[in-house]
Amino acid sequence: MAAVIDLHEVADREHEARSRYPWRIKACASTACLSAGAGATVQALEQTIEAADLVLDAVVVPTGCMGLCSRGPLVRVLRRGGDETMYQAVNKEVAIDIVRKHVRNHEIVDTNLLDTNIPFFTSQERVVLANGGVIDPDRIEGYVAHGGYEALRKAITEMAPEQVVEEIRSSGLRGRGGAGYPTGNKWALLAKAEGDQKYVVANGDEGDPGAYMDRTVMEDDPHRLIEGIAIAAYATGASKAYIYVRAEYPRAVERLDRAIRVARRNRLLGRRIMDTDFTLDVEVRIGAGAFVCGEETALLASIEGRRGTPRLRPPYPTERGLWGQPTMINNVETLANVPTIINKGAEWFSSIGTERSPGTKVFALAGDLVNIGLIEVPMGITLRSIVEDIGGGIPDGRSFKAAQTGGPSGGCIPAEFLDTQVDYDSLRQLGSIMGSGGLIVMDDTQSMPDVAKFFMEFCMDESCGKCVPCRAGTVQIHTLLDRIGNGDAVWADLRHLEQLCATVRDTSLCGLGQSAPNPVLSTLQYFGKEYEELLSDEKKEVADA
Amino acid sequence: MRDARPSVTVTFDGEEYDAFAGESVMDAARRLGVPIPSLCYLEGLSLYGGCRVCVVQIAEDHRLRPACATTVAQDMEIKTDTPLLRAHRKAIIEMLFAEGNHVCAVCVSNGKCELQDMAVATGMDHVRFDYQAPQREVDASHPKYVFDPNRCILCTRCVRVCDEIEGAHVWDVAFRGADAELVAELGKPWGESTSCTWCGKCVAVCPTGAMAYQGKAVGEMQHHANVVIRLATARTKGQWLDPEEVG
Chain A
1 MAAVIDLHEV ADREHEARSR YPWRIKACAS TACLSAGAGA TVQALEQTIE AADLVLDAVV
61 VPTGCMGLCS RGPLVRVLRR GGDETMYQAV NKEVAIDIVR KHVRNHEIVD TNLLDTNIPF
121 FTSQERVVLA NGGVIDPDRI EGYVAHGGYE ALRKAITEMA PEQVVEEIRS SGLRGRGGAG
181 YPTGNKWALL AKAEGDQKYV VANGDEGDPG AYMDRTVMED DPHRLIEGIA IAAYATGASK
241 AYIYVRAEYP RAVERLDRAI RVARRNRLLG RRIMDTDFTL DVEVRIGAGA FVCGEETALL
301 ASIEGRRGTP RLRPPYPTER GLWGQPTMIN NVETLANVPT IINKGAEWFS SIGTERSPGT
361 KVFALAGDLV NIGLIEVPMG ITLRSIVEDI GGGIPDGRSF KAAQTGGPSG GCIPAEFLDT
421 QVDYDSLRQL GSIMGSGGLI VMDDTQSMPD VAKFFMEFCM DESCGKCVPC RAGTVQIHTL
481 LDRIGNGDAV WADLRHLEQL CATVRDTSLC GLGQSAPNPV LSTLQYFGKE YEELLSDEKK
541 EVADA
Chain B
1001 MRDARPSVTV TFDGEEYDAF AGESVMDAAR RLGVPIPSLC YLEGLSLYGG CRVCVVQIAE
1061 DHRLRPACAT TVAQDMEIKT DTPLLRAHRK AIIEMLFAEG NHVCAVCVSN GKCELQDMAV
1121 ATGMDHVRFD YQAPQREVDA SHPKYVFDPN RCILCTRCVR VCDEIEGAHV WDVAFRGADA
1181 ELVAELGKPW GESTSCTWCG KCVAVCPTGA MAYQGKAVGE MQHHANVVIR LATARTKGQW
1241 LDPEEVG
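Residue numbers (the numbering used here), protein chains in the order written: chain A, 1 to 545; chain B, 1001 to 1247.
Where hints are given, some of them may not hold.
[Claimed, not checked] Ranges of calculated distance between the beta carbons of each label pair, as one might list FRET restraints:
| id | chain 1 | residue 1 | chain 2 | residue 2 | range |
| --- | --- | --- | --- | --- | --- |
| 1 | A | G210 | B | F1175 | 23 to 31 angstroms |
| 2 | B | L1241 | A | R356 | 52 to 60 angstroms |
| 3 | A | R272 | B | T1071 | 37 to 45 angstroms |
| 4 | A | E532 | B | K1216 | 47 to 55 angstroms |
| 5 | B | F1175 | A | P209 | 18 to 26 angstroms |
| 6 | B | D1117 | A | D482 | 49 to 57 angstroms |
| 7 | A | P209 | B | I1058 | 30 to 38 angstroms |
[Stated by the list, open to error] Which stretches of chain A does chain B cover? Using the computed rule of at least three CB atoms under 8 angstroms from a CB of chain B, they are:
| id | region |
| --- | --- |
| 8 | 118–129 |
| 9 | 471–481 |
| 10 | 488–500 |
| 11 | 503–513 |
[What the hints assert, rightly or not] Residues of chain B clear of chain A, computed beta-carbon distances all greater than 12 angstroms:
| id | residue |
| --- | --- |
| 12 | E1060 |
| 13 | N1226 |
| 14 | Q1239 |
No lab work stands behind these hints: they were computed from the structure. Note that the coordinates shown come from a computational prediction; the quantities given were computed from them, not determined experimentally. Virtual Cβ for every residue (Gly too), placed ideally from N, Cα, C.
Excised from the complex, chain A in its bound form (with noise of 0.2 angstroms):
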């Protein structure tokens, strides 16, 4: 059998490692900034290093997100004992740069500065996404040199199962999925369950259009995840974990997979954990491209190779789950806050936040703003702080008309509601919901209607089929969506949407159909003004078909 990794030695050679570079660049590898340039940038950093004679000097570190999406590929240069600069929109032609001016003569290079010291930055609390744009996400010394796999070793050495599920609940974590469910009761609920073989999985099928949260965390920082589920496992009596993971998320599975090879060399995962009597197996399945497959009772059909269809619940997972075992399903994100709650306390988490909902949301923030990407605030900033401040506002002199939250099982959020707090229960209050962290902002050019029809599409193309709510309803929503759009409804029409939408919400098997109509519904809530005005002119008095 392998040897433990010490994570004491592993974290003092890196830290000392590191000391030795005069310079460190960091240079954004994420999704986003790869898909604006980043391999090429990565790739000039390096070569002009060599070129310039720097190779003792200097060190590039390819890393996760570092949020700013829209201005990558980011750099960010820190120096020795001292400053740190960053850098945006880093081109080949800028790569170079920095290395000849930057690092070479101490010269910032100002046409691409990045202010840090802006509200983006500042107003963020970093705890999922804290190692975003620090660390190589390929390397468990670079986790561990930040404290990575401490709590699992503090959980499974020093805590009893039953502390660790009381410490969980008492941070008062709530399931980042979207639904808010506690996530403590869920994980007391599979340690009292009784099955031969108990299991966790981590829901990684992020599917609502617009949303990286997941995938950045899966990664960008797959230790995270790996060190939360098997904290999870533990104070659960699990042994056997699964990660799904959508199929258009490849590099996701590569790094996830490459992760759970290191952490088992290293006894981090597998038999005997760190020389205890807690065994865990970690897999990941891939999704057939089936957004319904996030909802947990799909999910779990999906993973035991079955249709990806919902079931009737009762039974819950955590009763009969995956092969009729006890199963209990959590997101991506929920798991990621685990190992920072177990190394700093439920007492410390709770303090971020709300009451109700305490810790901090990752959110994907889109649409028109100056400012996209990823971000984390504490639960309870208003959503005006995220879209003004954050977001740096809206681009062209234009207005503020909605947020879309939750994608399309949420709502949109007129400018009335921009103080409102974002945390589970204001959004549902709103007709909206957390959801799992899409954020897209529209100016008043976008048409609401238009807006409805677009999710209301993506739940029609989406939708199992096994229940005719939503498999029959979310059709007809959308002929009818199509016809307002085209000038063509009358009054009758925007009744029998009403209905149509009450009738999807009120009677479908789960949560796809149950929510598909919330984009329709809350924008004719708030923006009805916009579906009358489309009503066709002659048709308009016409009271009843």
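Mind docking chain B on chain A? Use the hints.
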């Protein structure tokens, strides 16, 4: 003979009844003569929960539940017939009619169809939604039976009876959403299926005219869905129920 199972008191629309602990709202209602509409539910088969017409309301809980998959509990106040439930059920039946190509006048099951009965029961006399008029091809390749997907409502009774009672699993659902369809053996014509035993149970349990015997004319196709409960009872209890008694 008295049933020895412990009982619980529930109310159906305000009336008190004794139900057996552990049974579903649907089973209790059937036994006690309380009408709850259903399409995919069939006693003796596994639960599916897809048709959603059996939704009921429990006390003031705004979340509706399918009667087939809800277990009775002491003092449960079950509402089976409220204006809201009637409206939802009617809308679901309308969705089904708009989704397929249901033309009763030319259907083998006209007058003997559960979907048609449900339309009558819910008062659905016209469809408010657009007919989707899908293009679907009839599969008449089987020498004995015919499958007309235009009349299929995807209740999966045939899938379940073939898998669970006959043990052949000829049928399953392929594709998703509005494209979902019933397929024999991963998409073969039914007649070319080698796993089909020609037992006809799928035809017997079909609630509409989607599955029928070859050669039936309009209104001639009589289904026998109760074959399932008779077979299930025969297997589990060694009793052969009188077809008249199980309706």
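Here is how each hint holds up against the structure:
Taking the beta carbon of each, G210/A and F1175/B are about 26 angstroms apart, inside 23 to 31 angstroms as hinted. Judged by the Cβ atoms, the range 52 to 60 angstroms given for L1241/B and R356/A holds: they are separated by roughly 55 angstroms. Look at R272/A against T1071/B: about 42 angstroms separates their beta carbons, and that is inside 37 to 45 angstroms. With their beta carbons about 50 angstroms apart, E532/A and K1216/B fall inside the hinted range of 47 to 55 angstroms.
Checked against the given bound of 18 to 26 angstroms, the beta carbons of F1175/B and P209/A, roughly 22 angstroms apart, stay inside it. Between D1117/B and D482/A the beta carbons are some 33 angstroms apart, a value that contradicts the proposed interval 49 to 57 angstroms. Taking the beta carbon of each, P209/A and I1058/B are about 35 angstroms apart, inside 30 to 38 angstroms as hinted. For a cut-off of 8 angstroms, the count of residues in the region 118–129 of chain A with a CB near a CB of chain B stands at 0, and the three-residue condition is violated.
Coverage of the region 471–481 of chain A by chain B holds. Counting CB-CB distances below 8 angstroms, 7 residues qualify, and the rule asks for three or more. Given as covered by chain B, the region 488–500 of chain A passes the check, having 3 residues with a CB less than 8 angstroms from a CB of that chain where 3 are the minimum. Counting residues of the region 503–513 of chain A whose C-beta lies closer than 8 angstroms to any C-beta of chain B gives 5; at least three are required, and the coverage claim holds. Its beta-carbon lying about 14 angstroms from the closest one in chain A, E1060/B satisfies the requirement of being farther than 12 angstroms from that chain.
Once the 12 angstroms rule is applied to beta carbons, N1226/B is consistent with being away from chain A; the minimum gap is 24 angstroms. Every CB of chain A lies more than 12 angstroms from the CB of Q1239/B, the least distance being 29 angstroms, so the non-interface label holds.
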